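Trainee: These are the residues of each chain, in order.
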Amino acid sequence: MIFRALDKKDIDAILVGGACVSIYTKNKYQSFDLDFVTHSAMKEVAAALSEFGFQRKSSRHFSRDDCPFFVEFVAPPAAIGSEPVRDKIALRTKRGTIILLTPTDSVKDRLAAYYHWNDPQALEQALMVAFAQKTDLSEVKRWSLKEGHAEKCRVFMKMMKTGVNYGRR
Amino acid sequence: MLEGLFGNITIEKILFTLFVYGEGYPLGMAKTFGVAVNRFQQQLKRLEDAGIVASKLIGRVRVYALNPRYPFLAELKTLLEKAYEFLPEKEKEAYYRRRTRPRRTGKPQ
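Keeping their order, the protein sequence lines are chains A and B.
With this note's numbering applied, the first sequence corresponds to residues 1 to 169, in that order.
With this note's numbering applied, the second sequence corresponds to residues 1001 to 1109, in that order.
Quick caveat, the hints were computed from the structure, so don't treat them as lab data.
Source: prediction; values computed, not measured.
Yeah, the Cβ is synthetic: ideal placement off N, Cα and C, and Gly gets one too.
Any given hint could be a false lead.
Cβ-Cβ distance ranges computed for the label pairs, FRET-style [unchecked claim]:
(1) Lys94/A / Ala1036/B: 51 to 59 Å
(2) Ile1058/B / Thr162/A: 31 to 39 Å
(3) Phe1072/B / Lys88/A: 16 to 24 Å
Chain B with its partners taken away, still in its complex shape (with noise of 0.2 Å):
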């Protein structure tokens, strides 16, 4: 859907990932789109290159955030959020909904 304006769909699926949960680290955008890590680490540097992502290290995941000092994150967040309501129910159901609150160790995931 943006695809057209960012170059290419990676930088599309990483940043509704950011809009969405306000973290993602590449590992876990491969496994939920089911494309190669490298792929999104690629991006992943492109976006942070641009001042667009930051990140930092937890543990030993690099985990990226959209960049709070972006200077035209409000208006990149507008357009994320007007073009998020357009993506398919079915797209939304299976990459945007994922469980995000606590559940404590031990539990059945």
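Just chain A, with the same shape it has in the complex (with noise of 0.2 Å):
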């Protein structure tokens, strides 16, 4: 419903964050929060967002009263960690096409938060994600290192290899 909102006033917006690692999990991780990232300004995001019930609710975040997440457009560029996102996939449903993270962004997205951040649940939620989808893990690698994280990295690509929790490919 959003992408259609911001399609209809010609609005780019890619979806990052817990939202994807929902979609590409099949929601073995559930998340109520929808992060975009867009180029346009928060005025026009705001008056196309309303025409579908959306209020504005602080300068970047948005809601209604019959929808249970939170969606909030997080300021430009589009990154993972210092590299600016490359890829995109288009994703389409029943409800129109949803604009993501890849699921090897999506994977360094969560490791981002977990090298930064020592978050444990990001780190679940990567790998997650790696179990789930076709994942470029010579690419996250090549990524970790360049961000100064290997040792983090060694510690993912080793439970990549266990990965008892996970539902191993």
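Using the supplied hints, reconstruct the complex from the two chains, each of which is provided in its own coordinate frame.
Mentor: Written as structure tokens, this is what we have:
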């Protein structure tokens, strides 16, 4: 619905963060945060979403009374660590097309939270996506080393090998 | 010094504080600089909305740090490091050389 609202006003956006994990793991992990990145002005986004009943709650947050999701437009650019997001996926659904991170970028996105904030849930989410979807692990490794997190990358790769609780492919 | 670039002097003070100490909170900054706390709160919110700083609640205090996931963090730090060199010694002494090492409970401050 959000994408339909944005598309109607010709606003490009990409879904990032935990919502991508929900999609890629078929809700094995459920996120109630819908984080988007757009380069369009928030005024335009607010106008587009208001047509669908979403109210602007603060500078970048939107909600609707009957919708359990918290919609946020995080500040651009869309980036994974210090690199821009280069690829995106257009996922066609019965209710419209969703533009989101690739599975590999979704893994990197979650790992960034684990690397920088020691967030164990983010590590778990990265593993869930990596087990559920085809992921380019050599790219994950390249990016991790560039970000300066070789040690934590080793932890992730080791858990990929053992992966007891994350539904090995 | 970077006021022209950042738009106001409060942002400069916030960024130098976070660069030097690694983290900070609005009341602490207000006390350090003798400026109203709401001015820091407003500008920290602006920086947080832009993804430049990130915050977390520790007890009842919201503590801010430069956002490690900000894509231009390395470049921002380089700029702050360079600009910090040019700060007058008096200013560094007054605002950016606070004791940060631990001090055991019970010892006089």
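Trainee: Taking the hints in turn, state whether each one holds.
Mentor: Going down the list of hints, with the structure as the test:
Evaluation of the 51 to 59 Å hint for Lys94/A and Ala1036/B yields a pass: the beta carbon distance comes to about 53 Å. Checked against the given bound of 31 to 39 Å, the beta carbons of Ile1058/B and Thr162/A, roughly 34 Å apart, stay inside it. With their beta carbons about 21 Å apart, Phe1072/B and Lys88/A fall inside the hinted range of 16 to 24 Å.
Going down the numbered hints, you'll see the structure goes against none, and every one checks out.
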